[in-house]
Amino acid sequence: MESLIIILVGVLTTVAIYLVLSKNVVRVILGTAILSHAVHLLILAMGGLKQGTVPLLGEEAEIYVDALPQALILTAIVISFAVTAFILVLAYRAYQELETDNLGAMRGSDDE
Amino acid sequence: MYLLILAILIPFIATALIPLIHKRIGAFHIGWFVLLVPLALFLIFIMQIPAISNGETLIQAVNWIPSIGINFTVYLDGLSLIMALLITGMGSLVVLYSIYYLSSSDSFPHFYAYLLLFMGAMLGVVLSDNLLVLYVFWELTSISSFLLIAFWYHRKNSRYGAQKSLLITVFGGLGMLAGFLMLHSMTGTFSIRETVTVIGQYTDHALFYPAMFLVLLGAFTKSAQFPFHIWLPDAMEAPTPVSAYLHSATMVKAGLYLVARFTPIFGGTAEWFWTVTIVGLITLFWGAFCAVRQTDLKALLAYSTISQLGLIMSLLGLGSAALHFGDGEQGALYGLAIFAALFHMVNHSTFKGALFMVVGIVDHQVGTRDIRRLGGLMAFLPITFTFAVIGSFSMAGLPLLNGFLSKEMFFTASVNAVSLPIFGVSSWGLLIPIIAWTASVFTFVYCMIFVFRTFFGAPQLKKLDRKPVEPSIGMLISPAILCVLIVGLFFAPNLLGDHLLKPALHGIIPGISGAAPHISAWHGFNTELFMTLGIIAVGTLLFLTFRSWYKIYLIQPAGWNFTVLYNSLLQDLKRAANWITTHYMTGHLPAYFAYIFVFFIAAAGGTLISTGALSIDLTADSPITTYEGMLIVVMAIAAISIPFAKSRLTAILLNGVLGFSIAIFFVLFRAPDLALTQLVIETVTTVLFLLCFNFLPEWKTEDSSKRIKIRNAVIAIAAGVTVTLIGLTVNSGRLFESISGYFEDSYELAGGDNIVNAILGDFRAFDTMLESLVLFIAGLGVYTLIRLKHGKGPGKDEH
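One line per chain: the protein sequences are A and B, in this order. The opening position of the first sequence corresponds to residue 41 in the working numbering, with each subsequent residue numbered one higher. The opening position of the second sequence corresponds to residue 7 in the working numbering, with each subsequent residue numbered one higher.
Rather than coming from a laboratory, the hints here were simulated on the basis of the structure. Errors might be hidden in some of the hints.
Said to hold, decoys possible - One-sided excerpt, in silico: chain A residues whose CB lies under 8 angstroms from chain B: (1) Ser43; (2) Leu44; (3) Lys63; (4) Thr72; (5) Leu75; (6) Ile83; (7) Ala85; (8) Ala101; (9) Leu114; (10) Val123; (11) Thr124; (12) Leu130; (13) Ala131; (14) Gly144.
Said to hold, decoys possible - Label-pair ranges, simulated between beta-carbon atoms: (15) A/Thr93 - B/Ile630: 41 to 47 angstroms; (16) A/Gln91 - B/Ser616: 30 to 36 angstroms; (17) B/Ser621 - A/Glu102: 56 to 62 angstroms; (18) B/Val639 - A/Gly98: 33 to 39 angstroms; (19) B/Lys712 - A/Gln91: 55 to 61 angstroms; (20) B/Thr617 - A/Thr93: 36 to 42 angstroms; (21) B/Val604 - A/Gly98: 48 to 54 angstroms; (22) B/Ile630 - A/Glu102: 54 to 60 angstroms; (23) A/Gln91 - B/Gly194: 47 to 53 angstroms; (24) B/Val604 - A/Thr93: 39 to 45 angstroms; (25) A/Gln91 - B/Ala619: 20 to 26 angstroms; (26) A/Ile103 - B/Leu682: 18 to 24 angstroms.
Computed from a predicted model, the values in this text were never measured in an experiment. We treat Cβ as the ideally placed atom computed from N, Cα and C, and that holds for glycine.
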């Protein structure tokens with residue numbers, strides 16, 4: 041199971057990086073969103089999967105699954121949402137100001 | 007107890023205090039305060055003489071970074087003491103002289119701060135026993151020299167000279183550092199004393215000779231040896247007291263000090279003997295030859311300094327042969343060259359210091375130091391003239407002055423070298439005294455030029471800025487003291503020899519126990535005396551017929567010198583750096599991303615493969631159900647479809663599929679909190695995307711060329727494979743026990759049944775707090791960006 045999930049992470053990473061390398065702003069943003077999905081899955085898989093019960097002490101089980109990756113991912117989900125929201129608005133403003141969504145055209149003047 | 011360490015620190019402390027003192031004293035010249043520092047230090051070092059002349063040495067150590075063997079160990083022996091006395095003694099005279107030399111428009115606090123910085127750094131160089139500490143001080147002298155050369159930074163030539171000296175000396179310094187590190191990797195110690203005792207076992211080591219040549223590179227660049235001598239004439243842009251102090255008496259002798267210090271380590275080998283001797287002889291000749299043609303008095307002195315440094319360097323080279331013989335008559339015979347080197351090092355500081363001060367006085371009083379505008383100043387500046395005669399005649403090696411003694415010893419050493427039975431000297435050995443003699447003839451000629459062109463002949467008062475008069479008495483004190491020393495050392499050389507030079511010699515060549523060299527002025531009618539007489543005869547002849555043989559200087563084409571080479575090298579370097587930068591800093595974000603990913607693949611993937619860490623082990627995997635398998639297939643298909651999506655709506659919905667599938671995975675993997683959060687966030691994100699699309703242009707298919715698309719695909723796939731392989735490798739083996747067991751006591755430790763919540767709210771509460779801060783900042787950013795007024799975008803200018 042873990043190996044399959046890791047391979048899925050690889051596929052997601054490939055797609056994400058292909059999008060990030062694009063010239064279109066929206067594709068880049070989409071790429072970063074997919075990249076964070078991939079990383080969340082990776083962190084979870086690193087902690088081991090399905091070996092134990094839900095990490096709630098009330099369950100009174102013998103083994104719980106690793107709770108630490110879950111806590112880290114929870115933080116990561118929220119932060120990646122914040123970043124996605126911010127760069128989306130940034131793209132919107134850039135389009136309003138520059139009237140292009142092409143990164144190739146957004147490169148400032150030559151003497152910089 | 008820590009007197010010596012304090013002696014190094016005092017100038018630095020004084021440097022820091024200068025700006026504070028300067029503000030309080032008003033009209034009083036700050037130089038008088040500064041003068042106290044070198045004077046006090048000079049007295050401290052004078053008091054060490056009795057102990058050192060008895061053959062004792064002093065060691066004081068403070069631990070600095072003991073874990074890697076770097077300690078602030080200060081070591082005082084004869085050699086260090088000579089250097090320390092030169093630094094503080096000359097320092098006192100130069101500070102005194104500068105008080106009268108500098109004009110009121112100069113910035114005194116800067117000048118004296120740099121000068122004290124140099125003094126401390128230079129003391130650090132000659133007193134450190136630890137190689138890395140020595141290196142730090144070494145570079146600090148380069149930096150303070152840079153600051154002092156560029157003291158009149160509004161002049162273009164000053165800036166050029168400062169940069170040149172810094173580039174060349176720091177280049178050599180870095181080489182020297184590499185040499186030190188090689189020595190350390192051989193011997194395992196950074197201490198020079200310890201290295202001397204153990205180096206014998208490592209002479210066959212592969213790094214022995216590279217380390218030797220790198221250390222020599224540092225010494226040669228610092229001491230302006232051919233072909234690195236080109237920085238010294240340009241360093242003459244510094245104020246004259248600085249030239250007298252740094253660029254003739256002390257800093258340029260740091261390279262000589264280094265060679266002397268390392269003689270017990272590398273000396274005794276043919277490579278060391280030949281390299282140091284030949285470089286020294288070439289420098290000696292070339293410096294003297296070039297000095298004759300100079301028309302600027304300071305440039306003349308600069309080339310003369312180069313030449314004299316070469317002389318001392320060649321003596322150190324010749325003397326290193328003594329180590330081959332060890333204790334015995336022959337060892338003592340060749341060891342005399344080292345003795346002569348040390349003696350001449352002291353003498354050179356006295357007469358060259360005096361001569362620089364003379365030039366300073368001439369420049370200060372008449373406004374020029376161009377030989378073609380000077381002449382006949384004897385009548386106007388009789389005292390300065392006396393100093394000039396004493397200094398120059400000593401440099402020329404004339405009797406009754408200290409230069410005569412060390413020059414004779416130099417000839418003795420060069421004549422002795424001819425009969426040296428080792429290193430294959432026999433075939434070429436005769437060249438050594440010939441070059442020495444020829445160079446000394448040129449030395450004699452430029453010394454005469456210095457005196458006669460400046461002080462004799464018809465005065466050309468119309469060409470001078472001011473009518474020449476003697477300067478104030480304060481400016482004459484320092485050169486007067488030096489001139490007294492020049493004469494005094496001739497009549498009582500053994501005072502210096504017995505108390506300072508002998509212990510220093512024993513430090514450099516430990517083998518020599520007996521045979522105390524005795525300096526005497528009269529040896530009878532021997533080869534050396536006839537060499538001197540020949541120099542006076544031929545030199546006088548050449549000086550008188552200068553115009554008829556001047557043409558030999560025109561043989562060297564104008565473009566064929568090392569300064570031109572240096573300039574063009576610097577130009578090419580700039581051009582190359584510019585070319586590279588403009589070619590990779592394109593301003594295209596996709597290109598920068600590509601660099602980052604390619605670097606990641608090379609660094610992480612490369613390490614994974616090259617270290618052989620790659621391993622895939624599937625045995626520990628948990629079982630897989632059909633339902634989960636289907637979900638994985640769905641996600642993979644959704645992800646792969648995104649780049650091919652025709653409309654942006656499709657792409658966003660596919661991204662939604664990914665997000666919600668992950669939420670399902672979170673449920674399957676026993677992570678209810680994550681599933682909840684993921685569901686909420688994914689919904690909000692999708693809405694946000696759709697909202698923004700209202701304002702963004704329609705999704706166009708990628709307009710990149712096929713080549714770029716393939717390139718991007720290759721990078722993406724390679725990165726994906728790297729991540730997968732790293733993931734699989736990490737999953738296959740655990741290096742450490744999991745720390746998660748700790749958090750299972752969450753009820754006892756944090757009072758929470760939900761472990762994930764306990765971690766977020768208690769164990770890692772700071773994380774969560776900062777996470778909220780990130781959210782807050784992002785919110786602020788979004789708000790400001792939306793509220794921001796329209797700026798001047800393209801197409802909006804027409805209104």
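Consistency of the hints with the structure:
no. : hint                                    : verdict
1   : Ser43                                   : 5 angstroms, holds
2   : Leu44                                   : 6 angstroms, holds
3   : Lys63                                   : 6 angstroms, holds
4   : Thr72                                   : 11 angstroms, violated
5   : Leu75                                   : 10 angstroms, violated
6   : Ile83                                   : 10 angstroms, violated
7   : Ala85                                   : 7 angstroms, holds
8   : Ala101                                  : 10 angstroms, violated
9   : Leu114                                  : 6 angstroms, holds
10  : Val123                                  : 7 angstroms, holds
11  : Thr124                                  : 6 angstroms, holds
12  : Leu130                                  : 6 angstroms, holds
13  : Ala131                                  : 7 angstroms, holds
14  : Gly144                                  : 6 angstroms, holds
15  : A/Thr93 - B/Ile630: 41 to 47 angstroms  : 19 angstroms, violated
16  : A/Gln91 - B/Ser616: 30 to 36 angstroms  : 33 angstroms, holds
17  : B/Ser621 - A/Glu102: 56 to 62 angstroms : 30 angstroms, violated
18  : B/Val639 - A/Gly98: 33 to 39 angstroms  : 35 angstroms, holds
19  : B/Lys712 - A/Gln91: 55 to 61 angstroms  : 47 angstroms, violated
20  : B/Thr617 - A/Thr93: 36 to 42 angstroms  : 38 angstroms, holds
21  : B/Val604 - A/Gly98: 48 to 54 angstroms  : 50 angstroms, holds
22  : B/Ile630 - A/Glu102: 54 to 60 angstroms : 23 angstroms, violated
23  : A/Gln91 - B/Gly194: 47 to 53 angstroms  : 49 angstroms, holds
24  : B/Val604 - A/Thr93: 39 to 45 angstroms  : 44 angstroms, holds
25  : A/Gln91 - B/Ala619: 20 to 26 angstroms  : 25 angstroms, holds
26  : A/Ile103 - B/Leu682: 18 to 24 angstroms : 23 angstroms, holds
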